[in-house]
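J.: Now for the letters of each chain:
Protein chains: 2
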Amino acid sequence: MKIPPKFRQQHQSKILQKQIEKSEYRPNIGGGWIEAQNSRGEVGLVPEDYIEVRSTVTDVGNVATADLSIFDAYAPQSTLLSLAALSLPLSSLTFSFSCLFQASNGNDPWSVWNADPSGGSNNNWASNPEGTQTGKTAADPWSAASQGHPQAYQGPGAEDDEWDDEWDDMKSTGGYAESESGESGAMQRGGAHATSMKISLNKFPGFSKSGPELYLLCKQLAKGKEKLPIYMGEVGPVWSYPESQLDCVVADPKKGSKMYGLKSYIEYQIVPSTTNRPVNHRYKHFDWLYERLLDKFGSAIPIPSLPDKQVTGRFEEEFIKMRMERLQGWMTRMCRHPIVSCSEVFQTFLTYKDEKDWKTGKRKAEKDETVGVMIFSTIEPEGPDLDPVEVEQKCEQFSRFTKSMDDGVKEILTVGHEHWKRCTGPLPKEYQRIGKAFQNLSSVFTSSGYQGESTLTDAMTAAGKTYEEIAQLVAEQPRKDLHFLMETNNEYKGLLGCFPDTIGVHKAAIDKVKEGDKLVATSKITPQDKVTMAKRVSIMSYALQAEMNHFHSNRIYDYNRVMQLYLEEQVKFYETIAEKLRQAHSQFTTM
Amino acid sequence: MKIPPKFRQQHQSKILQKQIEKSEYRPNIGGGWIEAQNSRGEVGLVPEDYIEVRSTVTDVGNVATADLSIFDAYAPQSTLLSLAALSLPLSSLTFSFSCLFQASNGNDPWSVWNADPSGGSNNNWASNPEGTQTGKTAADPWSAASQGHPQAYQGPGAEDDEWDDEWDDMKSTGGYAESESGESGAMQRGGAHATSMKISLNKFPGFSKSGPELYLLCKQLAKGKEKLPIYMGEVGPVWSYPESQLDCVVADPKKGSKMYGLKSYIEYQIVPSTTNRPVNHRYKHFDWLYERLLDKFGSAIPIPSLPDKQVTGRFEEEFIKMRMERLQGWMTRMCRHPIVSCSEVFQTFLTYKDEKDWKTGKRKAEKDETVGVMIFSTIEPEGPDLDPVEVEQKCEQFSRFTKSMDDGVKEILTVGHEHWKRCTGPLPKEYQRIGKAFQNLSSVFTSSGYQGESTLTDAMTAAGKTYEEIAQLVAEQPRKDLHFLMETNNEYKGLLGCFPDTIGVHKAAIDKVKEGDKLVATSKITPQDKVTMAKRVSIMSYALQAEMNHFHSNRIYDYNRVMQLYLEEQVKFYETIAEKLRQAHSQFTTM
Chain A
58 MKIPPKFRQQ
68 HQSKILQKQI
78 EKSEYRPNIG
88 GGWIEAQNSR
98 GEVGLVPEDY
108 IEVRSTVTDV
118 GNVATADLSI
128 FDAYAPQSTL
138 LSLAALSLPL
148 SSLTFSFSCL
158 FQASNGNDPW
168 SVWNADPSGG
178 SNNNWASNPE
188 GTQTGKTAAD
198 PWSAASQGHP
208 QAYQGPGAED
218 DEWDDEWDDM
228 KSTGGYAESE
238 SGESGAMQRG
248 GAHATSMKIS
258 LNKFPGFSKS
268 GPELYLLCKQ
278 LAKGKEKLPI
288 YMGEVGPVWS
298 YPESQLDCVV
308 ADPKKGSKMY
318 GLKSYIEYQI
328 VPSTTNRPVN
338 HRYKHFDWLY
348 ERLLDKFGSA
358 IPIPSLPDKQ
368 VTGRFEEEFI
378 KMRMERLQGW
388 MTRMCRHPIV
398 SCSEVFQTFL
408 TYKDEKDWKT
418 GKRKAEKDET
428 VGVMIFSTIE
438 PEGPDLDPVE
448 VEQKCEQFSR
458 FTKSMDDGVK
468 EILTVGHEHW
478 KRCTGPLPKE
488 YQRIGKAFQN
498 LSSVFTSSGY
508 QGESTLTDAM
518 TAAGKTYEEI
528 AQLVAEQPRK
538 DLHFLMETNN
548 EYKGLLGCFP
558 DTIGVHKAAI
568 DKVKEGDKLV
578 ATSKITPQDK
588 VTMAKRVSIM
598 SYALQAEMNH
608 FHSNRIYDYN
618 RVMQLYLEEQ
628 VKFYETIAEK
638 LRQAHSQFTT
648 M
Chain B
58 MKIPPKFRQQ
68 HQSKILQKQI
78 EKSEYRPNIG
88 GGWIEAQNSR
98 GEVGLVPEDY
108 IEVRSTVTDV
118 GNVATADLSI
128 FDAYAPQSTL
138 LSLAALSLPL
148 SSLTFSFSCL
158 FQASNGNDPW
168 SVWNADPSGG
178 SNNNWASNPE
188 GTQTGKTAAD
198 PWSAASQGHP
208 QAYQGPGAED
218 DEWDDEWDDM
228 KSTGGYAESE
238 SGESGAMQRG
248 GAHATSMKIS
258 LNKFPGFSKS
268 GPELYLLCKQ
278 LAKGKEKLPI
288 YMGEVGPVWS
298 YPESQLDCVV
308 ADPKKGSKMY
318 GLKSYIEYQI
328 VPSTTNRPVN
338 HRYKHFDWLY
348 ERLLDKFGSA
358 IPIPSLPDKQ
368 VTGRFEEEFI
378 KMRMERLQGW
388 MTRMCRHPIV
398 SCSEVFQTFL
408 TYKDEKDWKT
418 GKRKAEKDET
428 VGVMIFSTIE
438 PEGPDLDPVE
448 VEQKCEQFSR
458 FTKSMDDGVK
468 EILTVGHEHW
478 KRCTGPLPKE
488 YQRIGKAFQN
498 LSSVFTSSGY
508 QGESTLTDAM
518 TAAGKTYEEI
528 AQLVAEQPRK
538 DLHFLMETNN
548 EYKGLLGCFP
558 DTIGVHKAAI
568 DKVKEGDKLV
578 ATSKITPQDK
588 VTMAKRVSIM
598 SYALQAEMNH
608 FHSNRIYDYN
618 RVMQLYLEEQ
628 VKFYETIAEK
638 LRQAHSQFTT
648 M
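Same order as they appear, the protein sequences are chains A and B. If you're matching positions, the first sequence starts at 58 in this note's numbering and goes up one per residue. If you're matching positions, the second sequence starts at 58 in this note's numbering and goes up one per residue.
So here's chain A without its partners, still in its complex pose (with noise of 0.2 Å):
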């Protein structure tokens, strides 16, 4: 399926950005400016962030257009006839596709579940509009559009491109406001919302590839060097560990600029622990790998999204702070997961030497061809090929598991929240009042021109004060023990909010094998492929279990440490109070 160069031309009109044929500009003038000329032969200086560079579109729908007619029924129909049938440009099936995607997911990621299972269960992926992806379709000039290939990221991937700056339009404030615990706040950041939105948004020129079709019944696996296997260990299926858990430090936050000062931006820097060496990465560098991530593993491995994106107050120190955290915490996450570490475009983005790597990898990074199902098709599983039924009966727990989990960690975060208000609001408010008032009460006893009431004055004041350095102590606690409570638990809700969609892929492959006998009846598939799906929902089902066995045993640890540290840190809080209330007692006069 083609896009017509009319449409790309009208859609990008609508961004109000400089289109430029290739031939006319010179790139890398210095600074983020670039030497261009216009329609009119003018030639000039002009933002690169203004430019994009207008390529040749070529085959990207490719793969779409083979024959998958027999999956008709399985896929929301109103799609399907707006594609097949009506034909219509790809601009007005947006606002349908969006409805689509509202309707059938609306403000709970986990809603999937509930609906009938024949009618929309696999509605997550089966609706991806470019077009709600607006100002993002700029080909990347040093990428795949010019040599054509398929399947390679038509994304973000513009190296200067602000398109981070043009798309932030949520506000965070740092710490936990009220759109951020409750249900809708899953829905802002790391939610299976956003997550599912930009499953949606990044695969429509591989429309069915994120359907399990697509590998199920592959006739030909490409045999590529790629290969995760899976061992069996002693809680099941397991990926392969490497020898020595990556890890990473994000740091130093700096504050760059481009275009002479014209544009400023914050880069991190990222020293992983195998090279010990730092490499600078800006938030849309982060945000680039994790599309690159969401795109090869996210049908079998759940990548949480990164931390909110933001316009307003970019630059605050305290925002800065959050985002590092935040950063820094799905690095970690990453790091850990033996199979997201040790891909080479994690191993690029983490060790890249110079600029030109940088580019070289990342250009063959978005040309990857093992993503989305086909991910499957490298996972090599040592044990035998598993029941259907054991499948299925999997399926279900973890997808139950993951709800509960889902629904108990939003819980901790509504609780949390509400505690942070209070512990940072009005009880500090409180004990400072009641220091205040002992306090005054102290300074009118020592009007009194009673003689010897100082030890009782002193004492007075001196609770006084001890209850006002409570009210602070009481007020910098959440940010030492309920802080990283949350955190954790905020990290869990944006993981936990990736498995309706990992889930949901599975269940679809395990429909499509239950339908294996009438597709066979009806001549759709050969009895073979039926015997290739049932062993391929197999591997598919090794690498969910292998996937939640990682995710349980990081899940143990991470609720381990967090709860240590939030207990740890509490006792040394009702220790701290207990010793200043223990000496503003020893000033009163025993009597």
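A portion of the hints provided could be inaccurate.
Each pair may be met inside one copy or between any two copies, as identical chains are not told apart.
Stated by the list, open to error - Within a straight-line C-alpha distance of at most 16 Å, the following computed EDC-like cross-link-like pairs (lysine to aspartate or glutamate) qualify:
(1) Lys-493 - Glu-468
(2) Lys-312 - Glu-375
(3) Lys-564 - Glu-449
(4) Lys-311 - Glu-382
(5) Lys-486 - Glu-468
(6) Lys-592 - Asp-574
(7) Lys-493 - Glu-475
(8) Lys-312 - Glu-373
Calculated directly from the structure, the hints in this document are not laboratory data.
Got chain A sorted already, so can you dock chain B onto it with the hints?
T.: What follows is chain B alone, placed relative to chain A:
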């Protein structure tokens, strides 16, 4: 000034009491019943409580009829106009008196100090409408009325009169309800308003006995056996303190009944440290004692109000406990006062041997003539006469101090009340929710099917339970510490609320002395009167200073004690929580 019998009759008819001539009944049939004859000559048993014995009304106003016209300038105009010029029946004055009182004192017992000193500083003491004390004008068959003593107690002395049941209409919640802590709360219990009201209500027949003039200009001071010496101590003038301090225990509240169970009441046991022999008293006996003490000492010594009266829930355990605790507090304070504790009426209350002894003592106390400002006639300071300037300075100083302390105490009550609400309401609820959230997440983890996480889930469940225990601790804590801080401050609020009245008498006396020259010039008083007044105001000042010194020493003792108790319990509280959390922490695996 005589109260016309017609008015008394009209007035009493309002309160639906059966009126029976003294000769027509035979008291003490038993169980609260009386054999009586009605106006139609029918004889039968009637409840004692519904009967009022109508005796000949004697001249209860002869003191008020003394020539007080020289003080016209210092009393509120409308009051004197009403009484002297218009000669309206008292009932019609009730409302305007109340209004006057409300207007001058309003809701702020301290507003008197802010008002124009020459215009209204002794308002508290000028308006004493009898009529407002509806239902309490019943003449006591065993008391002064029949003997015609003008200043005898006309109030609620009737032995088994259940006026307190009918009077009690304030609801006390046992905790610190909103209305009890703020500015308005000050008016409800033990506040200056209530106290002033009491004085106002009870003084009518001796209308101007509360004004200091009666004492300042009294020609012949009765030489009674009562003597209240004042010594010079280290801190200045001090009362004569008994060698061993009286103490008493209020305990063992028991439900009693009369009229063969038709009416019931609570009787408390009071055991004084001197005799160690218990006596029983109902709340209304405490109230009788309060009225006696107020009447006798109120001009020199602040007599704090009793705890709230109450009709509903009078027999609820919680209420009885709280009332007993407060009666104990009140009795302890009275016991600690060298003048009050040694007074005959107080001793009678604590040590009567039998019913007859009690009644005799009651009758005697009610006939006491040394009441109101005349108490100053019994005071004998050992020091030289004080300079009027010094007298005034002292008075101003005490006035300022008590006003400031009242503000400070109210601030603590307000803050403490809010803290109480938070500690017993939202805070423990939040800890409970945190506890539940941990436990819920632990259950979810348990359902994972992953091996070897029972250490984590057990520890998380334990941590959750710990937070539920903390919730409990938090909710119970105020009763262990804040309660006593609140009770002490509440007591002081009541005590401080009496000072405007007590100090008001002194201010009025000082003003009177200041007018001395003018009064001599206009021949209202003789030069000798002026000298006498100056001497007597010096005696009053000694009394005020002795009382202030008593107040200060008690204050220092009380606040030292309550602050120590509060901090001690607070330390225990935080230590207990820290220890619980330490235990919870120890259950997690150290990694």
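J.: Between copies, within a copy, both or neither: which fits Lys-312 and Glu-373 at Cα up to 16 Å?
T.: within (11 Å within a copy, 70 Å between copies)
J.: With identical chains treated as interchangeable, where does the CA-CA distance between Lys-564 and Glu-449 reach 16 Å or less: within a copy, between copies, both, or neither?
T.: So Lys-564 and Glu-449 pass the 16 Å test inside one copy only (8 Å; across, 93 Å).
J.: With 16 Å as the alpha-carbon cut-off, assign the pair Lys-312 and Glu-375 to within, between, both or neither.
T.: The answer is within: 14 Å in one copy meets 16 Å, while 66 Å across copies does not.
J.: I want to check one pair: Lys-486 and Glu-468. Are their C-alpha atoms no more than 16 Å apart within a copy, between two copies, both, or neither?
T.: between (26 Å within a copy, 14 Å between copies)
J.: Should Lys-493 paired with Glu-468 be assigned to within, between, both, or neither, using CA atoms and 16 Å as the limit?
T.: Cα proximity of Lys-493 and Glu-468: across copies only (9 Å, versus 36 Å in one copy).
J.: Evaluate Lys-592 and Asp-574 at a C-alpha cut-off of 16 Å and name the case that applies: within, between, both or neither.
T.: within (15 Å within a copy, 120 Å between copies)
J.: Is it within, between, both, or neither for Lys-493 and Glu-475, if the alpha carbons may be no more than 16 Å apart?
T.: Classified as between: cross-chain Cα gap 14 Å, same-chain 26 Å, threshold 16 Å.
J.: Can you give me the call for Lys-311 and Glu-382, within, between, both or neither, at a CA distance of at most 16 Å?
T.: within (14 Å within a copy, 66 Å between copies)
The structure agrees with every numbered hint stated previously.
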